[in-house]
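Q: Each chain, written out:
Protein chains: 2
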Amino acid sequence: MAKNLVQARVEAIRRLVRRRSARPLSRALEKSGPGDIAEAIAHLTQEQTLFLFSHLEDEHAGEVMVSLHDGDFRNVVDGVPFGRLVALLDAMEPDDEADVVARLPDEIRERVLTRIDAADREDIEDLLAWPEDSAGGIMSPVVFKVAEETLCREAIEELQEQGDVEMVFYLYVVNESGQLVGVLSLRNLLVNPPSTALRELMSTDVIAVQPETDQEEVARIAARYDLLAVPVVDETRKLMGIITIDDVIDVIREEADEDLLKMAGVNEGFDLHGASATTSAMARMRWLTVTLFAGLVLSEVILGFEETLASKAAIAGFIPVVMGMGGNVGIQASTITVRNLATGHVSREEGIGKLLLRETRVGLLLGIVFGGTLTAWGLFRYWPDWTVGASVGTSVLLALMVASTLGTVIPLTLERMKVDPAVATGPFVTTLIDLIAVVVYFLVCTELFGL
Amino acid sequence: MAKNLVQARVEAIRRLVRRRSARPLSRALEKSGPGDIAEAIAHLTQEQTLFLFSHLEDEHAGEVMVSLHDGDFRNVVDGVPFGRLVALLDAMEPDDEADVVARLPDEIRERVLTRIDAADREDIEDLLAWPEDSAGGIMSPVVFKVAEETLCREAIEELQEQGDVEMVFYLYVVNESGQLVGVLSLRNLLVNPPSTALRELMSTDVIAVQPETDQEEVARIAARYDLLAVPVVDETRKLMGIITIDDVIDVIREEADEDLLKMAGVNEGFDLHGASATTSAMARMRWLTVTLFAGLVLSEVILGFEETLASKAAIAGFIPVVMGMGGNVGIQASTITVRNLATGHVSREEGIGKLLLRETRVGLLLGIVFGGTLTAWGLFRYWPDWTVGASVGTSVLLALMVASTLGTVIPLTLERMKVDPAVATGPFVTTLIDLIAVVVYFLVCTELFGL
Numbered sequence: 039m040a041k042n043l044v045q046a047r048v049e050a051i052r053r054l055v056r057r058r059s060a061r062p063l064s065r066a067l068e069k070s071g072p073g074d075i076a077e078a079i080a081h082l083t084q085e086q087t088l089f090l091f092s093h094l095e096d097e098h099a100g101e102v103m104v105s106l107h108d109g110d111f112r113n114v115v116d117g118v119p120f121g122r123l124v125a126l127l128d129a130m131e132p133d134d135e136a137d138v139v140a141r142l143p144d145e146i147r148e149r150v151l152t153r154i155d156a157a158d159r160e161d162i163e164d165l166l167a168w169p170e171d172s173a174g175g176i177m178s179p180v181v182f183k184v185a186e187e188t189l190c191r192e193a194i195e196e197l198q199e200q201g202d203v204e205m206v207f208y209l210y211v212v213n214e215s216g217q218l219v220g221v222l223s224l225r226n227l228l229v230n231p232p233s234t235a236l237r238e239l240m241s242t243d244v245i246a247v248q249p250e251t252d253q254e255e256v257a258r259i260a261a262r263y264d265l266l267a268v269p270v271v272d273e274t275r276k277l278m279g280i281i282t283i284d285d286v287i288d289v290i291r292e293e294a295d296e297d298l299l300k301m302a303g304v305n306e307g308f309d310l311h312g313a314s315a316t317t318s319a320m321a322r323m324r325w326l327t328v329t330l331f332a333g334l335v336l337s338e339v340i341l342g343f344e345e346t347l348a349s350k351a352a353i354a355g356f357i358p359v360v361m362g363m364g365g366n367v368g369i370q371a372s373t374i375t376v377r378n379l380a381t382g383h384v385s386r387e388e389g390i391g392k393l394l395l396r397e398t399r400v401g402l403l404l405g406i407v408f409g410g411t412l413t414a415w416g417l418f419r420y421w422p423d424w425t426v427g428a429s430v431g432t433s434v435l436l437a438l439m440v441a442s443t444l445g446t447v448i449p450l451t452l453e454r455m456k457v458d459p460a461v462a463t464g465p466f467v468t469t470l471i472d473l474i475a476v477v478v479y480f481l482v483c484t485e486l487f488g489l
Numbered sequence: 039m040a041k042n043l044v045q046a047r048v049e050a051i052r053r054l055v056r057r058r059s060a061r062p063l064s065r066a067l068e069k070s071g072p073g074d075i076a077e078a079i080a081h082l083t084q085e086q087t088l089f090l091f092s093h094l095e096d097e098h099a100g101e102v103m104v105s106l107h108d109g110d111f112r113n114v115v116d117g118v119p120f121g122r123l124v125a126l127l128d129a130m131e132p133d134d135e136a137d138v139v140a141r142l143p144d145e146i147r148e149r150v151l152t153r154i155d156a157a158d159r160e161d162i163e164d165l166l167a168w169p170e171d172s173a174g175g176i177m178s179p180v181v182f183k184v185a186e187e188t189l190c191r192e193a194i195e196e197l198q199e200q201g202d203v204e205m206v207f208y209l210y211v212v213n214e215s216g217q218l219v220g221v222l223s224l225r226n227l228l229v230n231p232p233s234t235a236l237r238e239l240m241s242t243d244v245i246a247v248q249p250e251t252d253q254e255e256v257a258r259i260a261a262r263y264d265l266l267a268v269p270v271v272d273e274t275r276k277l278m279g280i281i282t283i284d285d286v287i288d289v290i291r292e293e294a295d296e297d298l299l300k301m302a303g304v305n306e307g308f309d310l311h312g313a314s315a316t317t318s319a320m321a322r323m324r325w326l327t328v329t330l331f332a333g334l335v336l337s338e339v340i341l342g343f344e345e346t347l348a349s350k351a352a353i354a355g356f357i358p359v360v361m362g363m364g365g366n367v368g369i370q371a372s373t374i375t376v377r378n379l380a381t382g383h384v385s386r387e388e389g390i391g392k393l394l395l396r397e398t399r400v401g402l403l404l405g406i407v408f409g410g411t412l413t414a415w416g417l418f419r420y421w422p423d424w425t426v427g428a429s430v431g432t433s434v435l436l437a438l439m440v441a442s443t444l445g446t447v448i449p450l451t452l453e454r455m456k457v458d459p460a461v462a463t464g465p466f467v468t469t470l471i472d473l474i475a476v477v478v479y480f481l482v483c484t485e486l487f488g489l
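Protein sequence lines correspond, in order, to chains A and B.
Mapping of the first sequence onto our numbering: residues 39 to 489, in sequence order.
Mapping of the second sequence onto our numbering: residues 39 to 489, in sequence order.
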């Protein structure tokens, strides 16, 4: 039902735009969330999109802009009259406004910044100063804050006066220097006598982050403590802004997408939905180039053993098995390690040792099982020649142990070097382990069994 | 700062347990979240864990149990006296209680169900009837609901009387048959005159899901509409429960973990943190077995071209390049498709056609670039023999086009067949494409260039 509800809304919008039914469209847009409208736009031409935008109220249009994919966003920026663009920006929450301003083409950004509200401009310039993926980059500077000595009754009055504060669930209590000293929930306000001072109700153990905290860390904290908003404070604990749960969810989804794409060797920042074939090809080119060069090195290594190959074609036949098994075990180990690092489960020495020991033992176990199976198969297939089976089995045993250990060590080392370990999970680990596996294989064949 | 705060809490707990400092430990535990305590327990022995548990209040202990990893969970269940276990369960929210009951070993579950509160038992049995990953499986049956004719003042009074309702942010309005007819926020209650009827304030356009809705779909809806809770209704729209945002976040994280692990060919339900080496090895065995058999088939295919290999060893040398490039492009295409499906971006015919067309063009572009490079390299390396370069280049061009197309089609087909497309991204696609790439390669070598 829910899915149909969403789809029905999106399709209704598209239909009404195509038919140019202005009145029903305005009504349908009013009832739809920005996500629905953005999805509908993904299937419209530029001209249709502009028709739709001309039927959106400024505030709603601003929310839609935030949700648009890159291509659609450019269509809107290029097509909407400049005055309207400024009006849309003025109607946005400062954090959304900063995001949109950051996405504008340089020349338009300059012009826009001279035209929007002076107060907003300052906020935006402050927000743009923080890295995009830091707490400062995603926070909203508009916070509902109250003084320590406020009474419940007064806080409720303030809340009534305050017009549009983003998703209020917590009241942040500050002292006269603006430092965050406590927090209480809206519910506390409701269920206590109106004359109670907030000081008596508030919890003083407030979890806060600093603006330079990584957004992934913010998401981890929000999830761990089930927070609906995380306050951002400066080094003197002055309250600067808050990050609300909807932004936290966006971060979690974004980071999951990024990890998956990195694992697959697609460049960072790739727009999953809106990219053209050429951009999409370019985004995948980098790691494929690495694979290509590694493959050429590998082909030279294999050719170095030309005599062995010429004397026994069976050796060539098993190259894919040794490579495939090693590569897969390496990916499995590195995925598990990257995920453990991302969820914050191996941040201490103790955890690392334990993980490494486990993965090495896993490699040994898998090596015994699959090396054994391959030896048995090789013996059966090439009987009475036992050397092929023995070589393949021994190589797989060694390759799986190396793969499991390296697949764990590489992400851990990258994390130490402050490089994102997810980079390691994809083509990098596979390619390295392919190379090692093939070299091990030929060395075992020639040195150990004299093939 | 934030990170240090979390770590400092976790380490303080561990230190106090080791020193057996009962009083300071109780105080430290009171101030710590369940996540902190669960993380501390991950580094404690069973005996230390039980010491810690004996210093936790029942309600807090229940929350900690929900967050424990499998191994630690078993330690607690085995070590805590049976009476205490029942007390802990009685102190939990029904949805958490159902989760914990579901994790208990069979014989203990039976005994526990006869001892806990009769009302709770019914709730739990109802909850356990829904699949674990459905809305019914994660919802909490305790909802704060009010009648249509209630006034703001009365709603506030009800809220004050109601003791412990999970995270209230919305008031769900029901008619006399218990059907969900509207929703309003706590803030609406605060900022409107006490004598206003809820009927006048509530929004009647309530987004709800049914208990059988997939949890991933629930998360998508919560994220799209920025909801703090999603109500669950039956087919007559009777309000059955709610899913709060903290559970939504858990779902998003869990699904991201699952997708990543599936991509790496690790079994579903694998416990990332707590698994032993043997369990861990078993979890990876299934897909490695598939890889093994595919590899053996591949080795037979290669041996079928024994003559070609014997006449030209260079052909064997390029096997890894052709396989590696094809496999990588296949993984990239399928990751992008799986991610697009997961975020709900290709649910319609139109979207599918567009995606497929783009991926085929990407394959063609990449094939021209890398096939061209390989042809050039082959010509240079084996000059004046042009056949090796031409064969490798042509094969890579064909392999990349097939990989890109299949990598897109396979997840889409699985989705149609109601199989989780993430299964396809990992070893399945790579293995299939490896096979196809090698067959294409040898066919090109023999049939096209007569090698």
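Any given hint could be a false lead.
Repeated chains share a single entry, so a pair holds when one copy, or any two copies, can fit it.
Computed list of lysine-lysine pairs in PhoX-like fashion (alpha-carbon distance at most 25 Å, straight line) [stated by the list, open to error]:
| id | residue 1 | residue 2 |
| --- | --- | --- |
| 1 | Lys-183 | Lys-69 |
| 2 | Lys-350 | Lys-69 |
| 3 | Lys-69 | Lys-392 |
| 4 | Lys-276 | Lys-456 |
| 5 | Lys-276 | Lys-350 |
| 6 | Lys-392 | Lys-276 |
| 7 | Lys-183 | Lys-276 |
| 8 | Lys-456 | Lys-392 |
| 9 | Lys-276 | Lys-69 |
| 10 | Lys-456 | Lys-183 |
| 11 | Lys-69 | Lys-456 |
| 12 | Lys-183 | Lys-392 |
Everything labelled a hint here was simulated from the structure, so no lab data went into it.
Because the structure is a prediction, the values reported are computed rather than measured.
Q: All hints are to be evaluated individually against the structure, with a verdict given for each.
A: The hints, checked one at a time:
Taking CA atoms no more than 25 Å apart as the test, Lys-183 paired with Lys-69 passes between copies only; the shortest distance there is 24 Å, against 31 Å inside one copy. Taking the closest pair of Cα atoms, Lys-350 and Lys-69 never come within 25 Å of each other, the shortest separation being 72 Å inside a single copy and 69 Å across copies. Taking the shortest Cα distances, Lys-69 and Lys-392 never come within 25 Å of each other, neither inside one copy (53 Å) nor across copies (28 Å). In this assembly of identical chains, the alpha carbons of Lys-276 and Lys-456 never lie at most 25 Å apart, being 28 Å within a copy and 52 Å across copies at closest.
In the homo-oligomer, the alpha carbons of Lys-276 and Lys-350 never lie at most 25 Å apart, since the shortest distance is 74 Å inside one protomer and 73 Å across protomers. For the homomeric pair Lys-392 and Lys-276, neither the shortest alpha-carbon distance inside one copy (40 Å) nor that between copies (50 Å) is at most 25 Å. Taking the shortest Cα distances, Lys-183 and Lys-276 sit within 25 Å of each other inside one copy (11 Å), while across copies they are farther apart (38 Å). For the homomeric pair Lys-456 and Lys-392, the shortest alpha-carbon distance inside one copy (21 Å) is at most 25 Å, but the shortest distance between copies (38 Å) is not.
Taking the closest pair of Cα atoms, Lys-276 and Lys-69 come within 25 Å of each other only across two copies (23 Å); inside a single copy the shortest separation is 39 Å, beyond that limit. Taking the closest pair of Cα atoms, Lys-456 and Lys-183 never come within 25 Å of each other, the shortest separation being 36 Å inside a single copy and 49 Å across copies. Taking CA atoms no more than 25 Å apart as the test, Lys-69 paired with Lys-456 passes in neither setting, with 46 Å inside one copy and 31 Å between copies. Taking the shortest alpha-carbon separations for Lys-183 and Lys-392, neither the intra-copy value of 45 Å nor the inter-copy value of 48 Å comes in at or below 25 Å.
Consistency note: the structure conflicts with the earlier hints numbered 2, 3, 4, 5, 6, 10, 11, 12.
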